[in-house]
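Protein chains in written order, with the numbering used here: chain A, 1 to 195; chain B, 1001 to 1280.
There's no promise every hint is true.
Said to hold, decoys possible - Examples of chain A residues toward chain B, derived with CB under 7 Å:
1) 62
2) 65
3) 66
4) 69
5) 70
6) 71
What the hints assert, rightly or not - SDA-like mimics (lysine to any residue), calculated; alpha carbons at most 20 Å apart, straight line:
7) B:1046 / A:98
8) A:135 / A:96
9) B:1155 / B:1057
10) A:178 / A:129
11) A:194 / A:98
12) B:1037 / B:1057
13) A:145 / A:192
14) A:34 / B:1076
15) A:34 / B:1028
16) A:80 / A:152
17) A:34 / B:1073
18) A:187 / A:129
19) B:1272 / B:1249
20) A:34 / B:1155
21) A:34 / B:1074
22) A:194 / A:105
23) A:97 / A:129
24) A:34 / B:1071
25) A:133 / A:152
26) A:175 / A:82
27) B:1046 / A:83
Stated by the list, open to error - Far from chain A by the CB rule (all over 12 Å, computed), these chain B residues:
28) 1095
29) 1120
30) 1174
Keep in mind that the hints were calculated from the coordinates and are not lab data. Here a beta-carbon is modelled for each residue, glycine too, at the ideal position from N, C-alpha and C.
Next come the chains, spelled out residue by residue.
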Amino acid sequence: MTENVPNRSEIEVPIEETKGETVVKTEPPKPVKKQVDRRSFFSWMGLAWLSFTAATLGMAAAIGRFFFPNVLFEPPLTFKAGYPEDYIIGAVDERFKESFGVWLVRNSEGIFALSTVCTHLGCTPNWLGAEAKFKCPCHGSGFYKTGINFEGPAPRPLERYMISYAEDGQILVDKNRKFQYEKGQWKDPDSFLKV
Amino acid sequence: MADENLEKGSTTEAPEAAPKKKKKSVWKQLAESQVAKSYFRTGIPKTRRSRLLVVLNSLWLHLHPARTRRHAVRLRYTWCMGGLSFFLFMVLTVTGILLMFYYRPTVEYAYMDIVDLREQVPLGIMRELHRWAAHLMVITVWLHMFRVFMTGSYKPPREFNWGVGVILLVLTLLLSFTGYLLPWDQLAIWAVTVGTNMARATPFLGHEGPGASLLQIGGISLVHAGNDVRFALLGGRFVGEATLLRFYVLHCVALPFVVIILMALHFFRIRKDGNISGPV
Chain A
1 MTENVPNRSE
11 IEVPIEETKG
21 ETVVKTEPPK
31 PVKKQVDRRS
41 FFSWMGLAWL
51 SFTAATLGMA
61 AAIGRFFFPN
71 VLFEPPLTFK
81 AGYPEDYIIG
91 AVDERFKESF
101 GVWLVRNSEG
111 IFALSTVCTH
121 LGCTPNWLGA
131 EAKFKCPCHG
141 SGFYKTGINF
151 EGPAPRPLER
161 YMISYAEDGQ
171 ILVDKNRKFQ
181 YEKGQWKDPD
191 SFLKV
Chain B
1001 MADENLEKGS
1011 TTEAPEAAPK
1021 KKKKSVWKQL
1031 AESQVAKSYF
1041 RTGIPKTRRS
1051 RLLVVLNSLW
1061 LHLHPARTRR
1071 HAVRLRYTWC
1081 MGGLSFFLFM
1091 VLTVTGILLM
1101 FYYRPTVEYA
1111 YMDIVDLREQ
1121 VPLGIMRELH
1131 RWAAHLMVIT
1141 VWLHMFRVFM
1151 TGSYKPPREF
1161 NWGVGVILLV
1171 LTLLLSFTGY
1181 LLPWDQLAIW
1191 AVTVGTNMAR
1201 ATPFLGHEGP
1211 GASLLQIGGI
1221 SLVHAGNDVR
1231 FALLGGRFVG
1241 EATLLRFYVL
1251 HCVALPFVVI
1261 ILMALHFFRI
1271 RKDGNISGPV
């Protein structure tokens, strides 16, 4: 009995438990580690792989979201463009071309907002006052002051944006809504500001 | 019951022959398609040999030994510090690449881009992940070196790999140091100013270093503040726009490039010099 004592302390079995058992049963403790049986191995591995996959998918989703910034350093899609008196009848106003990509054109009836995006491949045309046309430097598309295309590869007229009065009486241009001539949308009252 | 099924499935593969008589199952057809075969060249591993071939024929798996001795994976011996360092390096690579999508290394934008990364870009913890992983990697690399020293793993035939490891340690510290400047806040600028001042004292190459005063022709010193090693490091006489760009390129491209090559060599030599933590 006494020679077993150091062995017992090794396997850390409470002595009280083994007391009742016979001497034969207190086998010399092997340095045995707890055997993992097949079933629990597979269930633990299954759990581990499941959580690993879940964590990976979660991280992938979070990284996907990372590419969609919450703050944009772009001009807003709506802007106030001053008062109708600021615009000369018959002139193409270029003051918002750089900042918002919009020409404001006033004729005898009112004002409309033309998109500065060429309908061919998306370059920005120039307003040539002497020739009274928009001319695209990329492939030579030409548009009248109204935005109707008449030369070059552009397949359709320039688009117009929604234009209205803000509460303070200024012109309000909203680029969220666009109006296409070929769809008959230029007849929409929102596409033209009567002055 | 379940154990029996598992036993069957893994060793004897008895039900394998049965479906052949009938129409081939969809799974079978997929497994025998050219696409599947081009991916899994050795088929479903059924024997010890084919299991070995799976490892040998895969770019990713062949980096590992086909078999590992039980004692080699004992955590108490290796602490897994080399593996953890590599894991952290991968974390740093992924988070670093992601940060590069928003960070611009110019005096005008750098600091505000860092603030934006924290305040408005989704996953604002990304930069912190990069920073924490960097701190951790410095710690794990040191501990790795300490363990290798304490277990005598630097002895022949592993002495070459010890040398590679020392270079990797220095490169880790340099990566840490170059990354320090990129936030471009006061801490970064002055820390790098102080840090690079040490380069002044480089023998012969730094203008305040020993021997530099000897290098002169006719009273005109050849090494001065405008052409010494510190000047080359900073791209100027003080930490400025050129330094930021220089450290950015070092941090994101040049140093990782060298580190990856040396790590490949390091891992290769571990395999060739008797594998991990085994007596040679």
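Hints, one by one, checked against the model:
{"no.": "1", "hint": "62", "result": "holds, 5 Å"}
{"no.": "2", "hint": "65", "result": "holds, 5 Å"}
{"no.": "3", "hint": "66", "result": "holds, 5 Å"}
{"no.": "4", "hint": "69", "result": "holds, 6 Å"}
{"no.": "5", "hint": "70", "result": "holds, 5 Å"}
{"no.": "6", "hint": "71", "result": "holds, 4 Å"}
{"no.": "7", "hint": "B:1046 / A:98", "result": "violated, 68 Å"}
{"no.": "8", "hint": "A:135 / A:96", "result": "holds, 18 Å"}
{"no.": "9", "hint": "B:1155 / B:1057", "result": "violated, 32 Å"}
{"no.": "10", "hint": "A:178 / A:129", "result": "violated, 25 Å"}
{"no.": "11", "hint": "A:194 / A:98", "result": "violated, 25 Å"}
{"no.": "12", "hint": "B:1037 / B:1057", "result": "holds, 13 Å"}
{"no.": "13", "hint": "A:145 / A:192", "result": "holds, 14 Å"}
{"no.": "14", "hint": "A:34 / B:1076", "result": "holds, 18 Å"}
{"no.": "15", "hint": "A:34 / B:1028", "result": "violated, 39 Å"}
{"no.": "16", "hint": "A:80 / A:152", "result": "violated, 33 Å"}
{"no.": "17", "hint": "A:34 / B:1073", "result": "holds, 17 Å"}
{"no.": "18", "hint": "A:187 / A:129", "result": "violated, 26 Å"}
{"no.": "19", "hint": "B:1272 / B:1249", "result": "violated, 33 Å"}
{"no.": "20", "hint": "A:34 / B:1155", "result": "violated, 35 Å"}
{"no.": "21", "hint": "A:34 / B:1074", "result": "holds, 16 Å"}
{"no.": "22", "hint": "A:194 / A:105", "result": "holds, 12 Å"}
{"no.": "23", "hint": "A:97 / A:129", "result": "holds, 15 Å"}
{"no.": "24", "hint": "A:34 / B:1071", "result": "holds, 17 Å"}
{"no.": "25", "hint": "A:133 / A:152", "result": "holds, 12 Å"}
{"no.": "26", "hint": "A:175 / A:82", "result": "holds, 16 Å"}
{"no.": "27", "hint": "B:1046 / A:83", "result": "violated, 81 Å"}
{"no.": "28", "hint": "1095", "result": "violated, 9 Å"}
{"no.": "29", "hint": "1120", "result": "violated, 4 Å"}
{"no.": "30", "hint": "1174", "result": "holds, 27 Å"}
Violated hints for the displayed structure, listed by number in ascending order: 7, 9, 10, 11, 15, 16, 18, 19, 20, 27, 28 and 29.
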